[in-house]
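So you can see what is in the structure, the chains are spelled out below.
2 protein chains.
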Amino acid sequence: MKSQIIDGKVISAQVRSEISVDVSKLKNDYNIIPKLAVILIGDDASSQVYVRNKQKSALSIGMYAEDYKFSSSDTTESVINLIKDLNNDPYTNGILVQLPLPENFNKEKIIYSIDPLKDVDGLHPFNVGLVSLGQPRFIPATPFGISEMLNRANINVEGSNIVIIGRSNIVGIPLGNLFVQKMKNFNSTITICHSRTKNISEYTKNADIVMAAIGRANFLTVDMVKKNSVIIDVGINRVEDNSKKSGFRLVGDVDYESMIGFVKAITPVPGGVGPMTIAMLLKNTYNATIIQNRK
Amino acid sequence: MKSQIIDGKVISAQVRSEISVDVSKLKNDYNIIPKLAVILIGDDASSQVYVRNKQKSALSIGMYAEDYKFSSSDTTESVINLIKDLNNDPYTNGILVQLPLPENFNKEKIIYSIDPLKDVDGLHPFNVGLVSLGQPRFIPATPFGISEMLNRANINVEGSNIVIIGRSNIVGIPLGNLFVQKMKNFNSTITICHSRTKNISEYTKNADIVMAAIGRANFLTVDMVKKNSVIIDVGINRVEDNSKKSGFRLVGDVDYESMIGFVKAITPVPGGVGPMTIAMLLKNTYNATIIQNRK
Chain A
3 MKSQIIDGKV ISAQVRSEIS VDVSKLKNDY NIIPKLAVIL IGDDASSQVY
53 VRNKQKSALS IGMYAEDYKF SSSDTTESVI NLIKDLNNDP YTNGILVQLP
103 LPENFNKEKI IYSIDPLKDV DGLHPFNVGL VSLGQPRFIP ATPFGISEML
153 NRANINVEGS NIVIIGRSNI VGIPLGNLFV QKMKNFNSTI TICHSRTKNI
203 SEYTKNADIV MAAIGRANFL TVDMVKKNSV IIDVGINRVE DNSKKSGFRL
253 VGDVDYESMI GFVKAITPVP GGVGPMTIAM LLKNTYNATI IQNRK
Chain B
3 MKSQIIDGKV ISAQVRSEIS VDVSKLKNDY NIIPKLAVIL IGDDASSQVY
53 VRNKQKSALS IGMYAEDYKF SSSDTTESVI NLIKDLNNDP YTNGILVQLP
103 LPENFNKEKI IYSIDPLKDV DGLHPFNVGL VSLGQPRFIP ATPFGISEML
153 NRANINVEGS NIVIIGRSNI VGIPLGNLFV QKMKNFNSTI TICHSRTKNI
203 SEYTKNADIV MAAIGRANFL TVDMVKKNSV IIDVGINRVE DNSKKSGFRL
253 VGDVDYESMI GFVKAITPVP GGVGPMTIAM LLKNTYNATI IQNRK
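First to last, the sequence lines map onto chains A and B.
So the first sequence is numbered by this note's numbering: it starts at 3 and just counts up by one.
So the second sequence is numbered by this note's numbering: it starts at 3 and just counts up by one.
Keep in mind that the hints are not guaranteed to be accurate.
All copies of an identical chain are treated as equivalent in the list; a pair is satisfied when it fits inside any one copy or across any two copies.
Claimed, not checked - Listed below are the simulated SDA-like cross-link pairs for lysine to any residue, each with C-alpha atoms no more than 20 Å apart in a straight line:
no.: 1; residue 1: K228; residue 2: N208
no.: 2; residue 1: K109; residue 2: L135
no.: 3; residue 1: K228; residue 2: N201
no.: 4; residue 1: K200; residue 2: K228
no.: 5; residue 1: K27; residue 2: G64
no.: 6; residue 1: K247; residue 2: R54
no.: 7; residue 1: K58; residue 2: K71
no.: 8; residue 1: K229; residue 2: N201
Hints are computed from structural coordinates only; laboratory data are not their basis.
Throw the hints in and build the complete structure from the sequences for me.
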């Protein structure tokens, strides 16, 4: 059997292209241009790359994007003061703080200070609660991207048995809260496994869909899954590779090669879930703009 | 094997007695008396009984309790205006709105208008989100009560396989969000089954703990569960019984009699989870008082 490869690069390009059409309509019809504010604290190299990519992507589809930088020696209060200004700025529609933060900053205080109507990462407790209550407003980018991929790959999830590996606040838990809901394109039985689960393969072997977000290279092997199941790989792990100039290559949480020909569909790493996340951030920013201007 | 009967009447009496000690300490040491405001809209007979019981229980452990009544012909706005006053009243520590509401009232608008620091039912999205984020402040009464019963019955849940049947916003979903957390006395693998789950017994047969909250009389039978598992029955269903003066009797979602001798522990109906809920509401009201006076 041929396994369907769910191509995140192609799907995310489609999503971005659709949003760019919506953005130009919004500009033409109402003279409104969505604006995303990205806050970067400290000098973590990966965070700098992520922030630059988010900004570039927003600009490339016709949005405004502004970055705001703080050094590690700044304070939680100074960040919150900026956020208050951005909350009150009618031209700023989305606000995100690039994580992780340097140790001396209070992540909760900072995230909770964002106006929930501008919280395009969906990390504010109010928005987290809305997902859990079945009234999602801003779904965190990774779960949102996975749902979009499954839809566009024509994989019907309603009534399916989904096993999620990992219980992080940005992936595992919101995935469960989303896919369990009595809503079109969700409506699944969900199981959340994690480090304290005794025998993970007993769960994954019965799953129609496995979503792996545990952060361990090649963790999920073909002997752990059911024939014709669907595999979503959220992991991004560095493994040593002397054939590469960098000395490493990126692999997922799934032993990809072993799955091909056995599973119905699978997302690769890189080029799977990863590229979806920025697209869904832009979608949330567009939606935030609509919500704020509807009031 | 003898099945352990987890007695909600005894455990809830212990909890209430402990809170009453805390309440009298609070009064003696700081001259603070927790106050619960209970809002009743319309003339549903069961709701009137529930509200009266909550008030009586609060008074019986030394708290203040006030009820506020609206008729079905009142408006959402009039309820919200009262809630705003109660939010601003420093002597009111807990606010709850008895559900369900008459059709012409907007439940979301009303619940969302409660100050999250006074939302002792734990239904405001901010508090729902905090449970999901692993920072619970006010856990809804039923999940909170179940956790308390398991602790006091010395049932270790960490590392266990919990299967929850039902996905309501007040029971199934918060149970999952609570018991999956990496926290002492939780830390379980959780599965949420519901009306769209294809073969529920395939899940329940492997469960160490089954929590049934599906609202169907005697749904869970002994052939669906594992020997020595723990059964938590959240259901309260009326079944016809001509031997009773009322013409009915109350049964749970679990076929109780068939389980005895086969399971390790079980909660009866009535006298199991039910009596815990008011005790946990009072605990939340006490905690709210502490939080508000700590600021």
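When no copy is specified for K58 and K71, does a C-alpha distance of 20 Å or less occur within a copy, between copies, both, or neither? Classified as within; 16 Å inside a copy, 56 Å across copies.
Between the shortest in-copy and the shortest cross-copy C-alpha distance, which are at most 20 Å for K228 and N201: within, between, both, or neither? both (15 Å within a copy, 17 Å between copies)
Homo-oligomer pair classification [N208, K228; C-alpha up to 20 Å]: both (6 Å within a copy, 18 Å between copies)
At most 20 Å between C-alpha atoms: does K247 with R54 qualify within a copy, between copies, both, or neither? Neither way: K247 and R54 sit 23 Å apart in one copy and 73 Å across, limit 20 Å.
When no copy is named, should K200 and K228 be tagged within, between, both, or neither for a Cα gap of at most 20 Å? Both. Shortest intra-copy (19 Å) and inter-copy (17 Å) distances satisfy the 20 Å Cα cut-off.
Within a copy, between copies, both or neither: which one fits K109 and L135 at a CA-CA cutoff of 20 Å? between (24 Å within a copy, 13 Å between copies)
One pair to classify: K27 and G64, alpha carbons no more than 20 Å apart. Within, between, both, or neither? Close inside one copy (11 Å), not across copies (62 Å); limit 20 Å.
Tell me, please, which holds for K229 and N201 at an alpha-carbon limit of 20 Å: within, between, both or neither? Classified as both: same-chain Cα gap 19 Å, cross-chain 19 Å, threshold 20 Å.
In terms of the numbered hints stated before, the structure departs from hint 6 and from no other.
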